[in-house]
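*Asks:* Starting from the structure of chain A, add chain B where the hints point.
Residues per chain are reported as follows:
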Amino acid sequence: AQKVTQAQTEISVVEKEDVTLDCVYETRDTTYYLFWYKQPPSGELVFLIRRNSFDEQNEISGRYSWNFQKSTSSFNFTITASQVVDSAVYFCALTGAGNNRKLIWGLGTSLAVNP
Amino acid sequence: NAGVTQTPKFQVLKTGQSMTLQCAQDMNHEYMSWYRQDPGMGLRLIHYSVGAGITDQGEVPNGYNVSRSTTEDFPLRLLSAAPSQTSVYFCASSPLRDTLGDTQYFGPGTRLTVL
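Top to bottom, those sequences are chains A and B.
Count along the first sequence starting at 1, add 101, and that's the number in this note's numbering.
Count along the second sequence starting at 1, add 6, and that's the number in this note's numbering.
Hints in this document: simulated from the structure, not taken from any laboratory.
Careful: at least some of the hints might be erroneous.
With beta-carbon atoms standing in for the labels, derived distance ranges [what the hints assert, rightly or not]:
no., chain 1, residue 1, chain 2, residue 2, range
1, B, Met33, A, Lys104, 29 to 35 Å
2, B, Pro89, A, Ser113, 32 to 38 Å
3, B, Arg83, A, Thr131, 33 to 39 Å
4, A, Thr121, B, Ile60, 38 to 44 Å
From the three backbone atoms N, C-alpha and C, an ideal C-beta is built for every residue, glycine too.
If we strip away everything but chain A, and leave its shape as in the complex, we get (with noise of 0.2 Å):
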């Protein structure tokens, strides 16, 4: 079976602290993506990041980077010099074979950032 966990349910850290929201799956397919949403106090899913199971290469993108390890099964993200506008839910989701494309979703990970 398919699982995402997200261990961290809520983080509060004050503004400019680094911080890492950990994301931990569970799959049995070989060829699978994994994504990151945010979900600011607005409401919306904002999309982040995608990265696919042959793909291990970290990514940064202004503040965030993303480190993708096969090996422990995780694809953590983190924030750099955290500003209070990064306050939101992010999720971490998989999607794996079959044909419905279903997400599958951490709870999340509720990040407070305190000026």
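*Replies:* Relative to chain A, chain B alone:
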């Protein structure tokens, strides 16, 4: 491009009433889906469609109907609303370029309360 739009943003129903949640996308995406988001349960797939005239059930389809008469529109119908359907509903769309890893883009959501 407006992306994925959903109407209404908020809705209150009485038990037993029916209604349709509207979803439209202007990106010519073949794949569309409906998720519901509930506290502690994450996002769960209700129904999905891989093209006009083709729909299928997700993991929580009971009490909901869908149809896909055009590429752009994918309405979700609640046949007889129940309090258990109180939730936030998200519509998403994606192209079908990749085997399973195309990014799904989400609408702003509809917050539904059933009394």
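*Asks:* Per the hint of 29 to 35 Å, is the separation of the Cβ atoms of Met33 (chain B) and Lys104 (chain A) within bounds?
*Replies:* At 30 Å between Cβs, range holds.
*Asks:* Using the beta carbons of Arg83 (chain B) and Thr131 (chain A), state whether their distance is inside 33 to 39 Å or not.
*Replies:* 38 Å Cβ-Cβ, so the 33 to 39 Å window holds.
*Asks:* Do Pro89 (chain B) and Ser113 (chain A) keep their Cβ atoms within the hinted range of 32 to 38 Å?
*Replies:* 33 Å, holds
*Asks:* Could one say that the CB atoms of Thr121 (chain A) and Ile60 (chain B) fall in the range 38 to 44 Å?
*Replies:* This hint holds: roughly 41 Å between Cβ atoms.
The structure shown violates none of the earlier numbered hints.
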